[in-house]
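Number of protein chains: 6
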Amino acid sequence: MTSNLPSVWLHELTWEEVASYLRTRDTILVPFGTTEQHGPAGPLGLDGYVAIALAEDAARKAGVLTAPPLWYGDSSHHLGFPGTISLRTETLMQVVYDVVRSLARHGFRRILLINGHKWTNLAALTSAARNIREFELPGVWTAVADPMYLARGIASAIKHANEHHAGELEVSHVLYKFPHTIRTGRLSDAACDFDRLLGPFGTSDLFAVGGRDTIDQPWTSSEQRSAAPTGQFSSNRAATAETGKQYHEYMVERLVEFLAWWQSHDELSTPASAKAPRREGEELP
Amino acid sequence: MTSNLPSVWLHELTWEEVASYLRTRDTILVPFGTTEQHGPAGPLGLDGYVAIALAEDAARKAGVLTAPPLWYGDSSHHLGFPGTISLRTETLMQVVYDVVRSLARHGFRRILLINGHKWTNLAALTSAARNIREFELPGVWTAVADPMYLARGIASAIKHANEHHAGELEVSHVLYKFPHTIRTGRLSDAACDFDRLLGPFGTSDLFAVGGRDTIDQPWTSSEQRSAAPTGQFSSNRAATAETGKQYHEYMVERLVEFLAWWQSHDELSTPASAKAPRREGEELP
Amino acid sequence: MTSNLPSVWLHELTWEEVASYLRTRDTILVPFGTTEQHGPAGPLGLDGYVAIALAEDAARKAGVLTAPPLWYGDSSHHLGFPGTISLRTETLMQVVYDVVRSLARHGFRRILLINGHKWTNLAALTSAARNIREFELPGVWTAVADPMYLARGIASAIKHANEHHAGELEVSHVLYKFPHTIRTGRLSDAACDFDRLLGPFGTSDLFAVGGRDTIDQPWTSSEQRSAAPTGQFSSNRAATAETGKQYHEYMVERLVEFLAWWQSHDELSTPASAKAPRREGEELP
Amino acid sequence: MTSNLPSVWLHELTWEEVASYLRTRDTILVPFGTTEQHGPAGPLGLDGYVAIALAEDAARKAGVLTAPPLWYGDSSHHLGFPGTISLRTETLMQVVYDVVRSLARHGFRRILLINGHKWTNLAALTSAARNIREFELPGVWTAVADPMYLARGIASAIKHANEHHAGELEVSHVLYKFPHTIRTGRLSDAACDFDRLLGPFGTSDLFAVGGRDTIDQPWTSSEQRSAAPTGQFSSNRAATAETGKQYHEYMVERLVEFLAWWQSHDELSTPASAKAPRREGEELP
Amino acid sequence: MTSNLPSVWLHELTWEEVASYLRTRDTILVPFGTTEQHGPAGPLGLDGYVAIALAEDAARKAGVLTAPPLWYGDSSHHLGFPGTISLRTETLMQVVYDVVRSLARHGFRRILLINGHKWTNLAALTSAARNIREFELPGVWTAVADPMYLARGIASAIKHANEHHAGELEVSHVLYKFPHTIRTGRLSDAACDFDRLLGPFGTSDLFAVGGRDTIDQPWTSSEQRSAAPTGQFSSNRAATAETGKQYHEYMVERLVEFLAWWQSHDELSTPASAKAPRREGEELP
Amino acid sequence: MTSNLPSVWLHELTWEEVASYLRTRDTILVPFGTTEQHGPAGPLGLDGYVAIALAEDAARKAGVLTAPPLWYGDSSHHLGFPGTISLRTETLMQVVYDVVRSLARHGFRRILLINGHKWTNLAALTSAARNIREFELPGVWTAVADPMYLARGIASAIKHANEHHAGELEVSHVLYKFPHTIRTGRLSDAACDFDRLLGPFGTSDLFAVGGRDTIDQPWTSSEQRSAAPTGQFSSNRAATAETGKQYHEYMVERLVEFLAWWQSHDELSTPASAKAPRREGEELP
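Chains as they are written, first to last, in this note's numbering: chain A, 54 to 338; chain B, 54 to 338; chain C, 54 to 338; chain D, 54 to 338; chain E, 54 to 338; chain F, 54 to 338.
Mixed in with the good hints, there may be bad ones.
Said to hold, decoys possible - No farther apart than 20 Å at their CA atoms in a straight line, the calculated lysine to aspartate or glutamate pairs in the EDC-like style are these:
id, chain 1, residue 1, chain 2, residue 2
1, A, Lys230, C, Glu65
2, B, Lys171, B, Glu65
3, D, Lys230, B, Glu65
4, B, Lys230, D, Glu295
I should point out that these hints are in silico values taken from the structure, not numbers from a laboratory.
Please build the complete structure, drawing on both the sequences and the hints.
Okay, here's the thing in structure tokens:
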């Protein structure tokens with residue numbers, strides 16, 4: 054339990070408070086956002102707000118800590134819109150390696166990356182989370198959660214349109230948790246015509262199930278600006294704080310469920326040496 | 054049309070034959086495999102055979118060229134099994150950058166990466182295919198095809214079990230096209246117990262649709278060897294060449310369809326300079 | 054002026070609001086913090102809070118924007134204390150390159166990095182800020198501000214001890230702006246005995262002027278933990294919000310003064326091409 | 054002996070078959086080719102065919118395994134001709150490191166790289182083969198074989214002209230083993246005038262012995278295209294399958310001889326720990 | 054004592070002589086220079102001469118060895134002047150890592166980098182000297198000395214002007230030790246007008262103490278050439294060999310003092326394993 | 054002609070002197086050495102002395118400039134002997150790229166790298182010299198000279214034994230030019246038994262002509278120390294200053310001949326843009 058700590062946020066704690074937490078716990082969340090355009094109604098930091106909201110509430114409910122957010126992600130295809138700041142895939146991977154290495158030094162053994170960005174961050178996050186375990190830290194477990202996979206069980210039931218970048222669900226989510234950042238007067242039906250752009254092998258709904266046979270066709274930031282002049286890929290007109298609340302609570306519940314399972318679970322085989330308790334401050338080999 | 058060329062394989066042609074092709078065409082396929090264990094029945098090169106089979110037949114039917122295959126991919130989680138050879142994610146990304154850069158020099162403008170490996174290659178392939186366009190070659194189009202997404206429309210109809218690594222569909226596929234590489238006497242029901250290993254947030258079928266809320270939990274090669282001691286993740290007992298034929302032909306048809314659409318299509322906006330025809334041998338800026 | 058925008062923080066704005074800002078302005082601040090131990094009284098995020106406080110208030114007073122903060126920095130020597138998360142120098146340089154490149158795409162031409170961390174971040178920040186100009190973006194101006202250099206004119210007048218890591222001034226600063234993060238009951242006289250550790254060539258006051266002949270002797274995280282078991286390098290017992298207010302206001306005033314001078318100034322010679330106005334969204338060469 | 058295995062090619066075997074091989078053997082070959090122009094008569098994949106032919110036949114005769122071929126190499130100076138695909142030197146080095154690391158994990162201790170490309174691949178292959186031993190895997194032996202050095206004892210006796218890129222010997226070699234890839238109607242005397250191009254310090258015969266004092270003068274792909282408009286550097290008019298057979302068999306015999314010596318030999322001092330038998334699947338330190 | 058060795062320069066010794074030194078000593082100096090313009094009177098190699106002079110005389114007096122000099126440094130902002138050769142920051146860091154790793158292999162445990170360049174080399178040298186200890190070689194001590202910090206105690210007393218690039222002190226230094234490289238007829242009062250260029254937050258004296266609140270504003274090589282058309286930043290008209298002698302002897306004395314302290318000192322805590330004597334030639338872990 | 058300049062060494066000149074040289078010339082030499090053991094008689098810096106001697110005398114005779122030497126090279130296989138300092142291959146390549154880029158900025162168009170080290174430096178030097186031309190600077194010519202190839206015409210005539218590392222010729226060379234660095238009392242017949250170590254495919258004479266079929270077998274530094282306990286690979290007992298003089302003068306003559314040819318030669322086709330004269334100080338594209 055973190056109930057005796059003044060905050061779930063690592064950066065609000067002193068090192069002694071973290072040391073105290075590590076005497077009984079070994080789990081931490083790390084929220085990953087972006088700074089990328091989210092259309093006329095959504096703030097550039099939308100993905101960061103999503104990751105922060107999920108991390109904070111899941112941490113509180115599960116009694117675990119969360120590291121401070123990374124506001125920058127892999128958003129190169131949004132660079133055609135003013136304000137977007139993108140890390141290259143390679144840079145983001147290095148950041149993940151460094152963060153996991155640092156946390157492992159202190160004895161954190163369950164590190165859950167929470168991605169607010171969907172698609173393009175995932176290549177870096179999942180690769181890095183896998184590679185660091187295989188090549189450096191087999192005794193540390195990593196996992197990556199993302200709304201696109203985490204909310205499958207509720208998305209279709211609560212949304213009114215296909216959900217894509219700056220769509221109804223993610224806008225509702227931030228409208229619920231950080232209402233001052235949504236320009237509700239700018240919600241609209243603006244959307245990409247994916248069929249025209251990507252032909253019969255594109256997808257227009259990140260939560261589409263079963264659906265089409267697809268082939269990945271990456272576009273550049275300048276193509277994207279032509280294709281989606283407002284920056285919005287799917288309608289968010291129906292966005293409401295209430296929808297955001299349902300969506301948020303569903304995902305937080307899933308995360309808490311996962312953390313409970315993860316922390317009680319020791320099935321994956323790890324080398325004996327990795328299982329030995331690591332003392333606080335001890336050097337890694 | 055490549056009908057006047059002696060082969061669809063670039064490495065079987067002379068440069069003059071390629072130059073002749075480039076006078077009217079600008080499309081090429083690039084097959085990506087791996088060298089990784091595929092259980093007691095499947096060869097280490099299975100993913101390469103998949104990519105080769107798809108690339109060769111799609112190239113023939115669409116009248117386009119295919120580059121020679123890359124037999125090495127991102128397979129680190131299989132390194133616990135003898136014979137697996139893995140490139141790091143970062144290395145594979147560099148290979149993709151170099152291959153695309155080289156092809157772009159000659160005037161290839163539509164480059165379709167065909168991944169035989171599913172999951173773990175995709176992070177490198179899709180990131181690299183996107184980054185090279187954004188940062189270096191906006192006038193070159195890239196795309197990435199993978200059975201996991203390409204065969205959604207048929208997989209459920211023809212398979213008898215959940216499909217995962219070394220499962221019924223991919224083994225059937227190679228049994229159909231390269232029968233000498235499958236040890237049919239070793240087909241079996243061996244499978245991972247994903248629920249036990251990954252809890253309620255794992256997935257046991259790469260073609261599962263809708264299905265569960267999932268969280269990515271990468272495992273190490275030594276955990277994998279414990280979890281799947283034969284190397285096989287799902288049953289392939291029902292594998293037949295006939296199933297492989299249906300699966301293969303469905304995917305080839307999809308690829309040919311995509312290539313037809315892609316080559317007739319000029320919707321994505323590209324900078325004017327990139328649209329200017331590039332003369333054979335001309336230096337890139 | 055940003056007076057018509059709802060926030061100085063880029064991530065709270067939409068891209069259209071940023072586009073509107075860029076029609077008349079080209080300046081942005083970027084705050085760099087760390088997640089590193091700051092003794093028994095200071096939070097792990099102290100450097101981030103410093104950078105955020107300076108960036109936010111300077112941005113408001115100068116009517117300019119600020120990018121979201123980077124909470125992770127080059128803190129490897131603090132890794133002996135639980136909770137510290139460090140980027141390698143090389144990773145931090147890549148982050149700076151990517152952030153500056155992204156901002157330059159949109160027409161930002163004056164980019165002021167605000168470092169809350171002092172010493173060890175500076176190698177990465179100043180090198181990267183210099184290299185990106187020389188080798189890629191000569192038409193974009195960068196600058197780096199740090200309390201250690203920015204507050205020379207006031208530090209000696211308001212502090213009661215030598216100022217070093219987790220010392221009176223930086224703790225006062227955060228006590229003034231983010232009081233809930235300081236454990237005032239843990240303020241103390243704990244300090245390193247620099248003379249014993251580093252001999253006659255060390256320095257015990259980051260604001261020392263003139264002072265000693267010095268030689269840089271980097272220590273490891275485990276040496277540091279021995280040398281400063283509480284994590285605090287100099288006394289912060291005298292820390293007060295009032296001292297923090299004076300320190301903060303002095304630095305904000307300096308930053309505003311600098312920004313006024315910088316924005317009115319066109320003295321440094323830049324290539325003619327770089328001076329041509331870049332249109333919003335336009336591709337960089 | 055591999056006589057009980059269905060193939061010498063690793064990618065045609067299952068992991069269990071490789072495990073069985075590793076119980077008594079620790080040697081593997083790795084063929085490195087390129088995809089680069091070889092004049093009007095030779096296929097782009099010529100170097101790969103050379104490496105494959107040597108690896109396959111040497112493996113069969115010596116009873117050892119061979120990894121699948123790498124079809125891409127360091128061919129930047131051929132990029133002026135359509136179809137050439139080049140890896141940068143740095144990328145190729147990383148591929149070698151990854152391949153050797155992977156093989157070492159399984160207990161392969163003698164890894165012979167077979168280069169079909171001559172010159173420019175060698176910098177990457179020999180450096181990487183050396184570095185990986187020194188810095189990571191002292192207990193694994195690597196070696197690099199190349200026709201240019203391997204066939205010194207026969208080249209002069211069987212060729213009719215100076216031998217250089219796309220010359221009589223390498224074309225004969227592939228004509229013997231993969232006749233469908235040579236356009237015999239396009240064999241010719243086309244050749245570079247090396248003296249005019251490189252002055253008195255160039256070399257026009259890769260097998261020249263004693264010969265001239267030389268200075269390396271790298272040329273770019275566009276210079277090369279001017280200098281050798283057909284892509285051929287020396288006459289291949291006299292190429293015959295018979296010459297290819299002699300050349301091939303000589304080199305295979307040399308490789309088999311070397312492998313026999315190498316496998317019986319334990320002279321080079323290796324650290325005791327490296328000599329300890331590594332169990333299949335065991336983690337490297 | 055090195056008194057029985059024929060030279061303090063490592064490259065003038067045989068490996069047996071170095072082995073003999075290492076039986077009782079573990080200290081070495083490494084001089085870092087640059088090849089960068091130093092105005093009309095100073096040679097391009099000035100910084101190297103400074104580092105060589107300090108290293109050689111300090112080594113002699115302290116009875117320790119010095120490695121050969123690196124003549125290339127991080128000088129990108131001087132690239133506007135013919136003859137300047139610059140390493141990128143990242144390259145220089147890699148050189149430092151490699152040099153320290155090599156020396157550590159032999160049992161050198163105190164490695165003092167002597168920087169003749171001031172500012173811009175320091176980011177690479179201090180970062181690399183710190184990182185290599187933290188992440189690879191905790192048992193090896195590194196330190197970095199630079200005239201800018203080493204000569205604080207004498208600079209103001211002996212110079213007649215503000216001291217900056219190519220100024221009175223560094224020119225005097227080289228005039229004293231390598232007189233043939235200074236064009237005394239070209240000494241002059243040429244200087245940058247820093248106030249005009251950098252506004253109220255620049256600094257015009259590298260030895261300024263207390264002085265101004267400053268903000269780092271990196272300039273490009275082309276801006277620098279405009280700002281300082283002769284390449285000289287401050288007056289060197291008063292340069293004399295006598296001033297150089299005082300400056301040099303003061304710094305050598307400081308270095309010798311530091312070396313004496315460093316070698317007698319064992320205060321910083323290092324892991325026990327690192328303290329175990331390393332036998333000559335022994336492999337590092 | 055450099056006859057009006059006070060030195061052929063770039064680092065002894067002012068930038069104005071270099072600018073004056075560049076008004077009529079565009080050639081420069083760059084000497085590459087190593088710091089690696091050369092047996093009981095040769096200094097660690099032997100390769101640097103070789104490169105310096107050749108560069109200085111060739112520059113004088115040809116009236117061209119030489120950059121300062123790099124004393125560090127790719128010597129990892131010598132790290133078993135105290136005093137050896139090695140750069141990794143990748144680091145050395147980066148140094149070459151940076152040096153060539155810098156020189157190209159000033160208008161140097163003919164850059165001759167002079168390698169004193171033989172074998173292992175060559176992979177990095179020749180690759181980097183080739184890559185920088187192809188990918189960045191097609192208008193700049195690079196070349197690489199090495200005694201092993203440059204002295205073929207004389208070596209056999211003047212040496213008394215097979216020539217290898219620390220052998221008669223290179224020791225004679227340095228004995229002639231830098232006699233104080235050779236311990237003549239330690240000249241000996243110590244030699245590796247290459248046949249025992251490398252079997253029938255090794256080579257024991259770097260100048261061997263025609264000779265054997267060879268296969269490259271890299272060894273580690275610890276294997277090398279076992280194989281050649283004195284560090285010397287071939288007899289240098291017969292070394293004399295007179296032999297060194299003949300060897301040196303032969304190579305200098307060859308270099309001067311090459312430079313004369315190179316500077317009068319414009320045969321290699323370069324893009325028109327590259328041929329445009331670059332003005333001193335002008336920015337590269």
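Here's how the hints hold up against the structure:
Distance check on the hinted pair: Lys230 of chain A and Glu65 of chain C sit about 13 Å apart at the alpha-carbon level, within 20 Å; holds. Under the criterion of a C-alpha separation no larger than 20 Å, the hint pairing Lys171 of chain B with Glu65 of chain B is inconsistent with the structure, at around 27 Å. With a C-alpha separation of about 13 Å, the suggested pair Lys230 of chain D and Glu65 of chain B falls inside the 20 Å cut-off, and the hint holds. In summary, the hint linking Lys230 of chain B to Glu295 of chain D is not supported, as the alpha carbons are separated by about 34 Å, beyond the 20 Å threshold.
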